[in-house]
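Student: Kindly generate the complete structure, drawing on both the sequences and the hints.
Listed below, chain by chain, are the residues.
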Amino acid sequence: MRRLTSRQRTAAIVLAVLALCFLTLDVGGGSLRASHNGVRGTLGALYRGTDAMLGPVRRFVEGLPTAGTNKGTIGRLEHENAQLRGKLAADRAARTDQRQLTALQAAATSEGYRVLPARVIALGSADGFDWTATLNVGTDRGVRAGQSVTDGYGLVGRVLHADRSSSVVLLAADPGSGVGARDLRNGEVGLATGHGASGFTFVPLNPKAALRAGDKLVTGPSSATSFVPGLSIGTLSSVHASTDGTTTATVRPTTSPSSLDLVGVIVLDNAATTDAAGGSR
Amino acid sequence: MTRARAAAGLAAILTALLLQGTVIGPWAGPVPVSLPAVLVAAVALVDGPGSGMAFGFVAGLLADLGSTHPAGVLALCWLGVGLACGLLADRHSVRRDAAAAAIVCALASLAGSVLLAVVHADGASVGSGLVHVVPAGIADALLALLLVPLARRFLHTDQLRAPRASTDELLLAGRRG
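Listed in order, the protein sequences are those of chains A and B.
Start counting the first sequence at 3; every next residue gets the next number (this note's numbering).
Start counting the second sequence at 835; every next residue gets the next number (this note's numbering).
Just so you know, the hints here were simulated from the structure itself, not pulled from any lab data.
Do not take every clue at face value.
What the hints assert, rightly or not - Beta-carbon label-pair distances, calculated as ranges:
| hint | chain 1 | residue 1 | chain 2 | residue 2 | range |
| --- | --- | --- | --- | --- | --- |
| 1 | A | Gly77 | B | Arg837 | 53 to 61 Å |
| 2 | B | Arg925 | A | Gly77 | 50 to 58 Å |
| 3 | B | Ser959 | A | Val19 | 44 to 52 Å |
| 4 | A | Met3 | B | Arg837 | 28 to 36 Å |
| 5 | B | Arg930 | A | Arg5 | 14 to 22 Å |
| 6 | A | Gly77 | B | Phe988 | 48 to 56 Å |
| 7 | B | His954 | A | Ala84 | 25 to 33 Å |
| 8 | A | Arg5 | B | Arg837 | 27 to 35 Å |
To be verified - Some chain B residues judged to face chain A by a derived CB distance under 10 Å, without partners named:
| hint | residue |
| --- | --- |
| 9 | Leu844 |
| 10 | Leu848 |
| 11 | Leu851 |
| 12 | Leu853 |
| 13 | Gly884 |
| 14 | Ala888 |
| 15 | Pro904 |
| 16 | Gly914 |
| 17 | Ile937 |
Even for Gly, the Cβ is constructed at its ideal location relative to N, Cα and C.
Tutor: Encoded structure:
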């Protein structure tokens, strides 16, 4: 083991005292702040440069021990992600269903009907009609031909026929479907004929009826229609007077026939159903 | 001190500090492994306590000023590293020198933790310093096994060799005749 020379001993003591002075100065009053900032700034720039060069290598080496397990982890996370996305979509659908069921319930409560909730399981043409929907409820739940179908906001159509567990609904938007309708503003009664997704054409029985764009149409009096009265059909978007004196109006539908999901079959007692079904188509 | 030695010393300190900040520090996590401290130890083991103290003090002060804790802590600790390693140098066995460097550096890091805890800086505590002293010593030993031979090789080159009084006198005497 070496021994310190006297000069080295003195140097050691001086340097130690100097270090303690720095320590006291910095702890006491922060008088070395400018020096700290200067050196930190210079070293910081150098650190960033060095890290840009060595960082990728370091991260690569750091990742090596878990390289095999990462694949599994990624797969597991992807699976979890897919599950969560599925749950999210289901939640969204459930919220929509809940909104629609609330609307159906509100409609049923306000009009005094019993509404049987049903899911649309198919849309398309059937029985010679272009616009029909198949529902997942049938006679075992009380569905009968002629019953009106609503989505809680407006008229959807009426049941064409039903078997045990499903039923086919003729949508009001079908070109072959005519709905007895009443203008809520002036009480004029007429026929609303379906035009698919573009809505209805309303022809009032009174050719001189004063129709106005913005008038609301609802299903007409029960004796003149196969539908439950009072269901919203749509709003008049434009009125046309032809040369022969007749007036027609284009109707924007309340319910879009192409986006049906949850609907309600309005279940009436036998007499009412027969009465309703006995009206015009 | 020659200009070449000063420049080499500064370059070595800066390189060690940068490698510590970008590679060793992130890898070591909470274990206070210190490449600059081991470098100071390696220089002191080769060049003796005089160079070791000077090198340790300058490197420590630079590291202090570049950090968030009060200046003087590392300067004092690495001054001690330079002094102790300069005195403990074996100069024959790299392993023994590396072991000495590791022990001194680990103790210096513990002393640093104590000092920082005393001045309430950097959230340091004596407990964490004690917990990490052994792993830090092992990692320092590995670094020293690498750095001591390197320091020996570099500091024994013609440009970086320490000017010694006895050699100077012999040279002067030779020239005089």
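Student: Does each hint hold? Answer for all of them.
Tutor: Here is what the structure says about each hint:
no.: 1; hint: A:Gly77 to B:Arg837: 53 to 61 Å; in the structure: holds, 60 Å
no.: 2; hint: B:Arg925 to A:Gly77: 50 to 58 Å; in the structure: holds, 57 Å
no.: 3; hint: B:Ser959 to A:Val19: 44 to 52 Å; in the structure: violated, 27 Å
no.: 4; hint: A:Met3 to B:Arg837: 28 to 36 Å; in the structure: holds, 32 Å
no.: 5; hint: B:Arg930 to A:Arg5: 14 to 22 Å; in the structure: holds, 19 Å
no.: 6; hint: A:Gly77 to B:Phe988: 48 to 56 Å; in the structure: holds, 50 Å
no.: 7; hint: B:His954 to A:Ala84: 25 to 33 Å; in the structure: violated, 51 Å
no.: 8; hint: A:Arg5 to B:Arg837: 27 to 35 Å; in the structure: holds, 30 Å
no.: 9; hint: Leu844; in the structure: violated, 13 Å
no.: 10; hint: Leu848; in the structure: holds, 7 Å
no.: 11; hint: Leu851; in the structure: holds, 7 Å
no.: 12; hint: Leu853; in the structure: holds, 8 Å
no.: 13; hint: Gly884; in the structure: holds, 5 Å
no.: 14; hint: Ala888; in the structure: holds, 8 Å
no.: 15; hint: Pro904; in the structure: holds, 4 Å
no.: 16; hint: Gly914; in the structure: holds, 8 Å
no.: 17; hint: Ile937; in the structure: violated, 14 Å
Hints 3, 7, 9 and 17, counting from the list given before, are not met by this structure.
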